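Engineer: Each chain, written out:
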Amino acid sequence: MYEIIVVGAGHAGCEAAHAAAKKNHKTLLITSNLKNIADMPCNPHIGGSAKGIVVREIDALGGLMGKIADKTHLQIKMLNSAKGPAVQSLRAQGDKIAYPKEMVKALKELKNLDIKEGMVEDLIVENGEVKGVILEDGTKITSKIVILTTGTYLKADILVGNTRTRKGPHNEKPSNYLSGKLKEYGFNIIRLKTGTPQRIERSSIDFSKTKIEPGDNKYLTFSFDLKPCYKIEDQEPCYLTYTTEKTHEIIRANLNKSSMYGALDDIKGIGPRYCPSIEDKVVRFADKERHQLFLEPESRYYDDIYVQGFSTSMPPEIQEQMVHSLPGLENAKILRYGYAIEYDAIYPTQLNANLETKVLKNLFTAGQINGTSGYEEAACQGLMAGINAALKLENKESFVLKRSDAYIGVLIDDLITKGIKDPYRLLTSRAEFRLLLRSDNADLRLRHYGYDVGLISKQQLNKLLKKEEDIKNLLSFMKETKIKMTPNNKKAFEDNNYQVPTSSESLYKLIKRPEITMLFLNKLIEIPYSEEIQEQVEINLKYEGYIAKSYKEAEKMLKLEKKQIPEDIDYDKIKNIASEARQKLKEVRPTTIAQAIRISGVNPSDISILSVYLKKEYGKDE
Amino acid sequence: MNDTICAIATSQGVGAIAIIRVSGDESLQIVNQLFKGKDLTKVPSHSINYGKIIDPKTKKIIDEVLVSVMLAPKTFTKENVVEINTHGGIASTNKVLELLLTYGCRLAEPGEFTKRAFLNGRIDLLEAEAVMDLINAKTNKQRDLATNQITGKVSDLINSLRDDLVQVISNINVNIDYPEYDDVDIITNDILIPKITNLKNRIQNILNESQNGRIIKDGIKTSIIGRPNVGKSSLLNALLEEEKAIVTEVAGTTRDIVEGQISINGILLNIIDTAGIRKTSDIVESIGVEKSLKMMEESDLVLFVLNNNEKITEDIKELLSKIKNKNYLIIINKTDLTKELNIENLKIDKNNIVYMSIKNNQGIDELKSKIIEMFNINQIESEDPTYLSNSRSISILEQCLNRIIDIEKGLKENLPIDMIELDIKNIWELLGTINGSTYEDELLDEMFSRFCLGK
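Those sequence lines, one after another, are chains P and W.
Quick note: the first sequence, position 339, residue 339 per the numbering used here, numbers continuous.
Quick note: the second sequence, position 428, residue 1050 per the numbering used here, numbers continuous.
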């Protein structure tokens, strides 16, 4: 008898199992293949725009992904470094061998975690409550809570040209029956699709025809606890190449051979808008002369190169032609062909904010089964599901992050409130408070929560408290310290073509000038604080007005967030609500007015009718 | 929310006819009980039916009426609507209303018909405001302006601004979310500057025109000031004498003492008479003087009346300096009396002076033409009024303009484009609150509390 069973050991499953076991709950992690724990079946990178911030958030809360990536990556860079601090985000090139290995090591250190190989095909369900899992050989394993993190394995079909094969990623065995069972239990099951490109043998590529894309020349880490464990000069580069007119001709001439464009007529899955196949790109953006492709190494331990941006479901012989039309890949040897994969997922509005399902009690779900795409999106849901499963066992209140707390909060709220049309990818533009949700302040935002839920140690917390103290002190230092216009200081201004202040000026006033940076101020006076602390103060002072505006907006939302909608509300009793809105409200069952506003198809007039009804029926002030 | 409401929809008073509007699920059934004529539940939608309203208890005929039956959803409220045209007269109209209330209707709250139209998705927020304006419209110009908002012309204008913004916003977002891809145009500050300038000009234009819109809708707030006994009240009377027909309100709202309204070429002049202004030690009088000065401060046009037969005093000089920054006309009255007034040294633009002898009916036309000139009334008259005419919308647009000024400043300071995007998005959201595309919690409450009964 376990307290928690986690089904699936991908990025969601690993984080869920880690969080549950670390919180001292007897946990079992079941995977269909022990060799595939924390597998990266598609692209080899971790992080990226918005996603990199999520990795930082996972680390701030006490999850694993950031630390494992830091220990194993091939290169790392800061995206958008020329833009503002709110949109900067880390992206690392992962190692598909080292990452899983390091993850397994971390999981094996956990006393309360058992790992077992097996294919879960059904759940033990009694009176609408989950009591454990049933394996394909009929073995029953009981538990108080089950977390499903099955990725793309539910009724997975690999699609290549005109063939459809019931297989998971890397030709792994899929789960044939679990999604059918979930449907029987009352879940609304949807079909999604994603794809992956070819892998090419490194030695067959002429890199001289491509552009080199190295890692950053500066040490960077996802984790707030680790020092960099790599050498800048040892980073592996990526390479940039482009499709050619010939590539497009080949694709256009053979379009009907692609699974997605007619070769298969039974495709139901909806692919991600944000990560289209190369067929889609050529068809939908017909006037574009070329499309970018990144050649990315997958590991230090083998030679496969991943062709990022070239995902396809063309038959192998066409893929050969396509690849050979690319500069540098004229003689490339394809090790594995690209394919599309179709799989079952549950429609995410069937989830509560703690990721427990509304359909079955004590069943949590996380990752691609909830309709998301991406390792980071999966990992953060796994972490939240693991924490919340544990909190439920401890009879504690759920841990729900708000949209103004974290990208994780944005992601989960979007899923459960808006539902999805295609696999959900996090985007900076989804976060209305992105100025508050920065990469640099993830620890300041979330570490206290991590400590409260028990995944962050006292020692880690003390480090944070020190940082908060330092920031406060530096802020006063900036206000109190005046720079005299000595000849030397004058010269420093002049050398940079900055306007020289007429009299002595506080550091606080100076940093507010758009052209002046902390780096420059350090030339005028020794600022006795670390670069990390200086960065925080610089951002907070430079963008003070904008940040204040964001806080004001966030407060406005929090006010609406406090206007609760009773759980037992009967939407059929509210007469004038539009029928589409009524249906959506019944489906999502928002817990607050703020959440109701965010439901698409629910209009302002519906909200005001709902507010009037609440006031009348429940005597609440909305 | 779905009960049946009724109210007298025409203005109260003695008129040729009065209309009682009934809206809700039960409208037909309730009216049918009182109606002697065709069975209203069986007549076609949007038909007018002749008959009599009868008190079911006493069987007495109350009035001879025409009843319009309009079935949901093609009605103003999207509910079943019945309108009863009575023969006016306060007594009979009130009796019909009373019967409706007795037989199942509830008296509509202020603005409730419009609120239902809005809540049922019949009209958007901007249109809801316009309906109120339409009902209150006293001049043809006002009616045109309100009609334009109802048909969504202003909404279209706002939406076109929003559409342009959305394009910029999404492009910047793609730049942020796909930083490694050079396939997408990179929006730089240089690309953004002309776009922002264009936007600024468009919003500025709408605001300028909206100023006219406000004048059309609210009229020109005009105060008559001057020392005691210079002819202020005579001026008021003379102006009103000309336009008796639209003298409506006397001692109106609590805010202003609107003594009367006149229409000059379709533009309303709301005239406020003030207490005579002079230096005084009398406490009561000085309160009156203070009030007069405040009204002068708030008005769009100041008519400063001087007595031709009186010497310039310090009071006059002081008042003159106070009105310098306002639209003002100096009216020199009593030109039939000996000239004692010497204004040549006072540096007053001759264009702003009108000589009158109100007693002898001289100078009224000249005064009017000066006002027309001053407010470009002829131009307003000929324009197609597609602009915002209520102060809420105008103030939002002014906020947008301020944000744009922030953006221009930011662009000059080389603020990162993603910061600038926050401001652009903010403008987009603000614009949405003008026609209700963005949900604002307090907006509705504020809006609907302003509607008048039964509109």
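Careful, some of the hints might be misleading.
[Unchecked claim] In silico PhoX-like cross-links for lysine-lysine, where the CA-CA straight-line distance does not exceed 20 Å:
1. LYS1031/W / LYS512/P
2. LYS946/W / LYS992/W
3. LYS83/P / LYS1031/W
4. LYS1047/W / LYS83/P
5. LYS575/P / LYS972/W
6. LYS679/W / LYS664/W
7. LYS1034/W / LYS512/P
8. LYS549/P / LYS1031/W
9. LYS696/W / LYS575/P
10. LYS392/P / LYS131/P
11. LYS1047/W / LYS556/P
12. LYS111/P / LYS26/P
13. LYS509/P / LYS1034/W
14. LYS549/P / LYS700/W
15. LYS509/P / LYS1031/W
16. LYS969/W / LYS948/W
17. LYS1047/W / LYS1034/W
18. LYS563/P / LYS552/P
19. LYS552/P / LYS1047/W
20. LYS948/W / LYS972/W
21. LYS83/P / LYS1034/W
22. LYS140/P / LYS26/P
Because the hints were derived from the structure by calculation, they are not lab data.
These numbers come from a predicted model, not from an experiment.
Engineer: Now tell me, hint by hint, if it's right for this structure.
Structural biologist: Status of each hint after checking the structure:
1. LYS1031/W / LYS512/P: Holds, at roughly 14 Å.
2. LYS946/W / LYS992/W: It holds: about 17 Å lies between the C-alpha atoms, which stays within 20 Å.
3. LYS83/P / LYS1031/W: 17 Å, holds
4. LYS1047/W / LYS83/P: 17 Å, holds
5. LYS575/P / LYS972/W: 66 Å, violated
6. LYS679/W / LYS664/W: Violated, at roughly 24 Å.
7. LYS1034/W / LYS512/P: Within the cut-off at roughly 15 Å; holds.
8. LYS549/P / LYS1031/W: With Cα atoms ~17 Å apart, LYS549/P and LYS1031/W stay inside 20 Å; holds.
9. LYS696/W / LYS575/P: 18 Å, holds
10. LYS392/P / LYS131/P: 14 Å, holds
11. LYS1047/W / LYS556/P: Satisfied, since the Cα-Cα distance of roughly 16 Å is no more than 20 Å.
12. LYS111/P / LYS26/P: 9 Å, holds
13. LYS509/P / LYS1034/W: 19 Å, holds
14. LYS549/P / LYS700/W: The given pair, whose Cα atoms are some 40 Å apart, is violated under the 20 Å limit.
15. LYS509/P / LYS1031/W: 18 Å, holds
16. LYS969/W / LYS948/W: Given that 20 Å is the threshold and the Cα spacing comes to 15 Å, the pair holds.
17. LYS1047/W / LYS1034/W: 19 Å, holds
18. LYS563/P / LYS552/P: Roughly 18 Å separates the two Cα atoms, so the pair holds.
19. LYS552/P / LYS1047/W: 15 Å, holds
20. LYS948/W / LYS972/W: 16 Å, holds
21. LYS83/P / LYS1034/W: 15 Å, holds
22. LYS140/P / LYS26/P: 17 Å, holds
In terms of the numbered hints stated before, the structure departs from hints 5, 6, 14, listed from lowest to highest.
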